[in-house]
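Peer 1: Kindly generate the complete structure, drawing on both the sequences and the hints.
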Amino acid sequence: MFTQDGELFVVVKGEFSKSGRNSSVVKLKYKSLLGGRVKEEVHKADVKFDVVLLDRKPCIYSYFADPMYVFMDEEYNQFEVGADTMGDALLYLEEGMECEVVLYEGQAISVEMPNSIIREIEYTEPSVRGDTVGKVTKLARLKGSGHEIQVSALCQIGDKIEIDTRDGEFKRRVIA
Amino acid sequence: MTLQIVHLYCTIVDNYGDIGVCWRLARQLAREYGLTVHVWVDHWAAAQQLIRELPDAPNPENPSRVNGVVIRPWSQVGAVQDCTGDVLIEGFGLTLPDTTLTQLAAREQKPVWINLEYFSAEDWVERFHLQSGYDPATRARRWFFFPGVHPHTGGLLREHDLIAQRDAWTSSGQAAPFLSQLGLGVPAGALKLLCFAYAHAPYAAWLDALATQQDRPLSIWLAGSYSQNAFAQADLAAYSGVSLHNLPFVSQPDFDRLLWSADVLWVRGEDSLARALWSGKPFVWHIYPQAEEAHHAKLAAWLADYTRPFPKPLQDAYIALHQAWNGITPASTLAGAWSAMLAQWAAWQTYSQLRSNQYAQMPDLASRLTSFIRTLNSSTQTYT
Numbered sequence: 000m001f002t003q004d005g006e007l008f009v010v011v012k013g014e015f016s017k018s019g020r021n022s023s024v025v026k027l028k029y030k031s032l033l034g035g036r037v038k039e040e041v042h043k044a045d046v047k048f049d050v051v052l053l054d055r056k057p058c059i060y061s062y063f064a065d066p067m068y069v070f071m072d073e074e075y076n077q078f079e080v081g082a083d084t085m086g087d088a089l090l091y092l093e094e095g096m097e098c099e100v101v102l103y104e105g106q107a108i109s110v111e112m113p114n115s116i117i118r119e120i121e122y123t124e125p126s127v128r129g130d131t132v133g134k135v136t137k138l139a140r141l142k143g144s145g146h147e148i149q150v151s152a153l154c155q156i157g158d159k160i161e162i163d164t165r166d167g168e169f170k171r172r173v174i175a
Numbered sequence: 000m001t002l003q004i005v006h007l008y009c010t011i012v013d014n015y016g017d018i019g020v021c022w023r024l025a026r027q028l029a030r031e032y033g034l035t036v037h038v039w040v041d042h043w044a045a046a047q048q049l050i051r052e053l054p055d056a057p058n059p060e061n062p063s064r065v066n067g068v069v070i071r072p073w074s075q076v077g078a079v080q081d082c083t084g085d086v087l088i089e090g091f092g093l094t095l096p097d098t099t100l101t102q103l104a105a106r107e108q109k110p111v112w113i114n115l116e117y118f119s120a121e122d123w124v125e126r127f128h129l130q131s132g133y134d135p136a137t138r139a140r141r142w143f144f145f146p147g148v149h150p151h152t153g154g155l156l157r158e159h160d161l162i163a164q165r166d167a168w169t170s171s172g173q174a175a176p177f178l179s180q181l182g183l184g185v186p187a188g189a190l191k192l193l194c195f196a197y198a199h200a201p202y203a204a205w206l207d208a209l210a211t212q213q214d215r216p217l218s219i220w221l222a223g224s225y226s227q228n229a230f231a232q233a234d235l236a237a238y239s240g241v242s243l244h245n246l247p248f249v250s251q252p253d254f255d256r257l258l259w260s261a262d263v264l265w266v267r268g269e270d271s272l273a274r275a276l277w278s279g280k281p282f283v284w285h286i287y288p289q290a291e292e293a294h295h296a297k298l299a300a301w302l303a304d305y306t307r308p309f310p311k312p313l314q315d316a317y318i319a320l321h322q323a324w325n326g327i328t329p330a331s332t333l334a335g336a337w338s339a340m341l342a343q344w345a346a347w348q349t350y351s352q353l354r355s356n357q358y359a360q361m362p363d364l365a366s367r368l369t370s371f372i373r374t375l376n377s378s379t380q381t382y383t
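Going down the list, the sequences are from chains Z and A. 56 is the number that numbering that gives the first Met the number 0 gives to position 57 of the first sequence; each next residue is one higher, with no gaps. 319 is the number that numbering that gives the first Met the number 0 gives to position 320 of the second sequence; each next residue is one higher, with no gaps.
Please keep in mind that the hints were generated in silico from the structure rather than gathered at the bench. Treat the hints with care, as some may be off.
Unchecked claim - Heads up, simulated EDC-like pairs for lysine to aspartate or glutamate below, C-alpha to C-alpha not over 20 Å straight-line:
1. Z:Lys26 to A:Asp122
2. Z:Lys38 to A:Asp134
3. Z:Lys159 to Z:Glu124
4. Z:Lys12 to A:Glu125
5. Z:Lys26 to A:Asp134
6. Z:Lys26 to Z:Asp49
7. Z:Lys142 to Z:Glu104
As the list claims (entries may be wrong) - Cβ pair distances, simulated, as ranges:
8. Z:Gly81 to A:Asp81: 55 to 61 Å
9. Z:Leu53 to A:Glu60: 53 to 59 Å
10. A:Ala56 to Z:Ala44: 21 to 27 Å
11. A:Ala163 to Z:Glu39: 38 to 44 Å
12. Z:Ser126 to A:Glu125: 41 to 47 Å
13. A:Tyr32 to Z:Glu79: 53 to 59 Å
14. A:Asn356 to Z:Val50: 52 to 58 Å
15. A:Pro310 to Z:Phe15: 36 to 42 Å
C-beta: ideal position from N, C-alpha, C; glycine also.
Peer 2: Right, here's the structure in full:
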C-alpha cells in the first residue's frame, strides 16, 4: 500500500518485466481505498512510493452486512471491510475466523490471514482404494466459503486440511 | 500538445548502442520533423567517437550543433534556463540529472516525459507500450515508449528515405570505391562478411565454420573492439582464401553503406539489428546478454516474429544458427548450423529482402512517437 497525493492505494495486481540490460519495468493495478477507483500504471522497477504506516488489529470475522464484511476485536469494536479489499481472505472465510484487520488512520482497509489455516472439506469425489494411477490430487470444496482447491487424493468429505494462505496450496490432512 | 523543443538525455554505459539510438532519433526528429532537438550526453569523449564533428571539449558559451541538433554534456545542465522543453526523453530508463528533475518538478505545465525503452518482440511489450506512471517527486507523468515490431508497439527507427537511399546505393556501383577508401581490398568473387559482435561470441568456432565450408574467398570485416580483439592473434595459416580487416569507427551513414556493401551481416545490439534489417541483406543477430539469461526469451521472440513467413527448413536453420552464435547451444554446433544455413542460401537471400520490405511497411518509430505526443491532451496528458 502506498499514498499518492494524499490518496491511499492498494496494489491489486502487478506484472514485472525485464526490458533491457539491467532494467526492468512494472505494471501495477491499484485501487484507491477511499474513492474506490482503479487505475493501471507502469513504472520503472525501482520506483519508490511513500511509505504508509499501517496498524494491525487481531479480530475475528463476525458477519456479512452486504456489501461489507464485519470483524470484531476483543473489545467488541467492529470494523467493516469491503469485498474488493478482502483479498484472498474471502476464499477461506468462516464465522469466528481469526485474522488481522489492517487499519490506516483508524479506517479498516484490508484483512490479513494467518499463514496457515485449517478448513473442513465439504465435498470431494470419493477415493477408490487402489485407484491411484495418475491421480495424486483431486478437487475439494471447502465448507463455509465454497472455495475449491486441489487436495491429496486420499482426502475425504469431512476431513480437516491445512492450507497455506500465502500460495493457497494444500499442505496436509489434519489427523485428529 | 505542443511539439517543438525536445530534450533527449542519453548515457554511454558499456558500448555505443544507447547513444547510437538516441543520436539517430535526434537527427531524424530535427531533419524530418523540423524540431529543435537538444541531446544531453554524459560522456563527451565517448560521444565524440560517434559524432566526429564534436570538439574535444564542450563550450558552454557556444554549444555544439551537428546535423541541426544541439549537443551538450550533462555537466552543463545547470547553465541552461530550460532543459526540459516540450518533450523530455530519457533514453533506456536512465535517471535524469538532479537539475533536470528539479526543473521538471517546478514546471506548472509539464512537458511530455518519455522513457524511450529497449526494443523487444516479446508479447508483454504491447501491454506496457504507451502506458504511464505518475512520479510523485516531480508531480509529472512518465510515458513508456517501447520500440517493437508488433502493431501496438513503437516501431523501429527508420529514416523516411532510407530504403530509397539503400536501393540507390546498391545500384550505383559506389561500393567498391567506398570500400577501397576504408582500406578494404576485396578479392573478386569473395563472400563479404561484416562481423560486429560482443566479446563472448564463439569467434574461433565461427571462423572455422566459415573458412572450412566456403568454396570462395572470404573477406571478413571486423567492426568494434570486441570482434577485432578476438582475431588479433588469429592464425589464418590453416585457412586459404580468408582475409580479416579491422574497420575504423565510422559514422552512422557510413555504417549503413558498409552493411549495404556486404553479403552477410553479423550484428549486435538494437540499433545495428534495425540497420541490418533495413539493409535487406542476410543477417545474424548477437543479442546483448542479460542477467539470468533474460535475453534468451527476447531472442526467441524476435526470431519467432522475423521468421514467421520463412519456409520451415530456412526457419529451422536460421534459429539454430542464432542459438549457436548466442551461446544457447554449444559452440561446437556452429559448424553444423552454418552448413544448414548454406544449404538455404538462396532462400535466405530472398526472405531477407522480403522481410525488410515487409517491416518497412510499418510506421517507423519517430512517426509513431510524434503522433502519440500530438494526440495527448495538453492539460491532462491523457491518452486513449
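Peer 1: Indicate, hint by hint, whether the structure satisfies it.
Peer 2: Comparing the hints with the structure gives:
1. Z:Lys26 to A:Asp122: Roughly 14 Å between the alpha carbons, so the hint for Lys26 of chain Z and Asp122 of chain A holds.
2. Z:Lys38 to A:Asp134: holds, 14 Å
3. Z:Lys159 to Z:Glu124: The given pair, whose Cα atoms are some 15 Å apart, holds under the 20 Å limit.
4. Z:Lys12 to A:Glu125: holds, 17 Å
5. Z:Lys26 to A:Asp134: Given pair Lys26 of chain Z, Asp134 of chain A holds - Cα atoms ~14 Å apart, limit 20 Å.
6. Z:Lys26 to Z:Asp49: Distance ~18 Å between Lys26 of chain Z and Asp49 of chain Z Cα, so the pair holds.
7. Z:Lys142 to Z:Glu104: Answer violated: Lys142 of chain Z to Glu104 of chain Z is near 35 Å, above 20 Å.
8. Z:Gly81 to A:Asp81: 55 to 61 Å: violated, 46 Å
9. Z:Leu53 to A:Glu60: 53 to 59 Å: At 54 Å between Cβs, range holds.
10. A:Ala56 to Z:Ala44: 21 to 27 Å: violated, 37 Å
11. A:Ala163 to Z:Glu39: 38 to 44 Å: Holds, at about 41 Å.
12. Z:Ser126 to A:Glu125: 41 to 47 Å: 46 Å Cβ-Cβ, so the 41 to 47 Å window holds.
13. A:Tyr32 to Z:Glu79: 53 to 59 Å: holds, 56 Å
14. A:Asn356 to Z:Val50: 52 to 58 Å: Given about 54 Å between the Cβ atoms, the range holds.
15. A:Pro310 to Z:Phe15: 36 to 42 Å: holds, 37 Å
Violated hints, listed in ascending order, are 7, 8 and 10; each of the other numbered hints is respected by the structure.
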